[in-house]
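Here the protein sequences come in this chain order: A and B.
Numbering-wise, the working numbering puts 103 at position 93 of the first sequence, and it's gapless, one number per residue.
Numbering-wise, the working numbering puts 58 at position 21 of the second sequence, and it's gapless, one number per residue.
Because the hints were derived from the structure by calculation, they are not lab data.
Even glycine gets a Cβ: it sits at the ideal position worked out from N, Cα and C.
Incorrect hints may appear among the rest.
Stated by the list, open to error - Not everything, but these chain B residues come out facing chain A in the computed CB check (under 7 Å): (1) Ile42; (2) Asn57; (3) Ala86; (4) Leu96; (5) Asp117; (6) Phe121; (7) Glu122; (8) Leu123; (9) Ser124; (10) Asn126; (11) Pro175; (12) Ala176; (13) Asn220.
Said to hold, decoys possible - BS3-like, lysine-lysine: derived pairs with alpha carbons at most 30 Å apart: (14) B/Lys103 - B/Lys192; (15) A/Lys228 - A/Lys267; (16) A/Lys134 - B/Lys192; (17) A/Lys267 - B/Lys179; (18) A/Lys65 - A/Lys101; (19) A/Lys164 - B/Lys103; (20) A/Lys65 - B/Lys192; (21) B/Lys192 - A/Lys111.
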Amino acid sequence: MENKLYETGTLIETIENEVNINSNHLNLESLQALSHKITNIKKLCVSLNIPDFSKALWCYETITSILYKYTYIFALFKEKQFYLAWCELEKIEIALASLKKHLSIEGNVCNLEFIEESVYDLQKLFPYRIFVSHESIYREIECSICKQRISIRKPCGHIVGEIYDGEICGRHILRADLLAIAFTENPVHKYAVCNISYDQESKLIDNYNYELIEGFFKIVTSPNDSWKMETNVLSLPHENFIDFAPNDYCPCGSAEKYSACCLNKQGVKHVKYIIHLIQ
Amino acid sequence: MSTLIVDVSESSEDFSTWTNQDFISEETRYIIANADILITPLVDFRESAGPTFERGTELILASLRKRLPNDITVDICVNDEDYFELSLNSKYKRLGKFVVTAIVLPIFVNVIADLISENSSQKKDKNIDSTAVSKEVPAFMKPATVSISITVVNKDRSSKQIEIEGESSEVIETLRSIDNILNNGKQTLRDGNTDRDNRK
Chain A
11 MENKLYETGT
21 LIETIENEVN
31 INSNHLNLES
41 LQALSHKITN
51 IKKLCVSLNI
61 PDFSKALWCY
71 ETITSILYKY
81 TYIFALFKEK
91 QFYLAWCELE
101 KIEIALASLK
111 KHLSIEGNVC
121 NLEFIEESVY
131 DLQKLFPYRI
141 FVSHESIYRE
151 IECSICKQRI
161 SIRKPCGHIV
171 GEIYDGEICG
181 RHILRADLLA
191 IAFTENPVHK
201 YAVCNISYDQ
211 ESKLIDNYNY
221 ELIEGFFKIV
231 TSPNDSWKME
241 TNVLSLPHEN
251 FIDFAPNDYC
261 PCGSAEKYSA
271 CCLNKQGVKH
281 VKYIIHLIQ
Chain B
38 MSTLIVDVSE
48 SSEDFSTWTN
58 QDFISEETRY
68 IIANADILIT
78 PLVDFRESAG
88 PTFERGTELI
98 LASLRKRLPN
108 DITVDICVND
118 EDYFELSLNS
128 KYKRLGKFVV
138 TAIVLPIFVN
148 VIADLISENS
158 SQKKDKNIDS
168 TAVSKEVPAF
178 MKPATVSISI
188 TVVNKDRSSK
198 QIEIEGESSE
208 VIETLRSIDN
218 ILNNGKQTLR
228 DGNTDRDNRK
């Protein structure tokens, strides 16, 4: 057993090095290969019943998945698959939140602080502002680890967000009743964007304007580029907007009338994003 | 502008209001009879919904049981097989409704404040501050609103209800000074609607 522990420990050290190297040279194929490797070693640790190693490997698996998703976003930008890129950004957010319960990313561990900041800045550049949310009653919920139905008086003991046998504990909703659909500006699920659907041939129907993201992608073309975004709030002269009547929507995009928003101010509010490439 | 609402009012509710409900069995009534803290369901959300609990109540109950001293009894006003969660998918964290004896209130609010604090730090809204630029972020990037309703029952069975709603840091601060608020009956209102208003 001691030999196996030593061998597995050495394997984990190798994985740690590989994750570090990959985080500085993002490449989809390498990250995919690394992910498979980690999953196999994790299976070995689970079979040998070494919970600490299984948990460490879950962390590396999650880091690799975040790096992969961040890299994949650039491939999606290239293909102009902006909505899918948006969904990947949300998946990164969720994965980071789960990971940070178990591993501090302070000091930009594996480039994760940079990716966290990048996700936040990229989301600002997307045009989505209204989302759909559902009101539902969850009538049957089970633990993702032991598959037992949730009982409030006889709990299974597995804690949501903790790692068991290399898997994170969550809840599966087995049966739910939909009560209503609502619109919200501040959703739990950001993927539920309004006005995006699929036609009968499963082709995405998407009429949003992605000029900010396209502008970003002209400057930052690779996931390996290091960049920073600066946000400035400017005031543009009213002469630039002579075509706007007082009862029109304000050109600042607030969805209020021009007369009730910027018309009586010094100028029209305009948010400007500046992308800096860092050498 | 403050985003905090604190609403204190006299209440006619106490533990018996809940332990006498028709939707719980005799067995459950017996189990919850001596609770110091009782998590109560929403019964008036939608007619067809029946008694339901906020999403994640199961986890709050487990955390309270783990963190509170053994001599404080926490329970939930529902039969085990009737525990259902209501999911309202906006970024609005409803902690739920609690009936609490006055004697355990200080320790209860501290544990709840710790839970909110741990949950907010995991999300790490470090990019969101009150500078002019950060006010320009879309609504979906702003911090989640947190709400809680607590009915405090005194020894003589008189009770007060306190409802708190705001950003997590404001709710934590309010919970930590709940004695002052209960004594002064402080109320703060904010501008604009929230989806809490829509539920009324």
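Q) Can the hint on B/Phe121 be confirmed by a CB-to-CB distance to chain A that is less than 7 Å? A) 5 Å, holds
Q. Going by Cβ atoms only, is B/Asp117 closer than 7 Å to chain A?
A. 5 Å, holds
Q) Are B/Lys192 and A/Lys111 close enough, with their CA atoms no more than 30 Å apart? A) 41 Å, violated
(Q) With the threshold set at 30 Å, check whether the alpha-carbon distance from A/Lys267 to B/Lys179 stays at or below it. (A) Distance ~24 Å between A/Lys267 and B/Lys179 Cα, so the pair holds.
Q. Taking the least C-beta to C-beta distance, is B/Leu123 closer than 7 Å to chain A?
A. 6 Å, holds
Q | Straight-line alpha-carbon gap A/Lys228 to A/Lys267, limit 30 Å | A | 34 Å, violated
Q. Given the hinted pair A/Lys65 and B/Lys192, is their alpha-carbon gap at most 30 Å?
A. 48 Å, violated
(Q) Quick check on B/Glu122 please, does its C-beta sit within 7 Å of some C-beta on chain A? (A) 4 Å, holds
Q.
Take the shortest C-beta to C-beta distance between B/Ser124 and chain A; is it under 7 Å?
A. This hint holds: B/Ser124 lies near chain A, its Cβ roughly 5 Å from the closest one there, short of 7 Å.
Q | Proposed interface contact between B/Pro175 and chain A, which counts if any beta carbon pair is under 7 Å | A | Where the cut-off is 7 Å and the nearest Cβ of chain A is about 6 Å from B/Pro175, the hint holds.
Q | Satisfaction of the B/Asn57 interface hint, Cβ to chain A closer than 7 Å | A | The hint is violated - B/Asn57 has no Cβ within 7 Å of chain A, the shortest such distance being about 20 Å.
**Q.** Hint check: 7 Å Cβ-Cβ cutoff, B/Leu96 to chain A
**A.** 6 Å, holds
When each numbered hint is compared with the structure, violations occur for hints 1, 2, 13, 15, 16, 20, 21.
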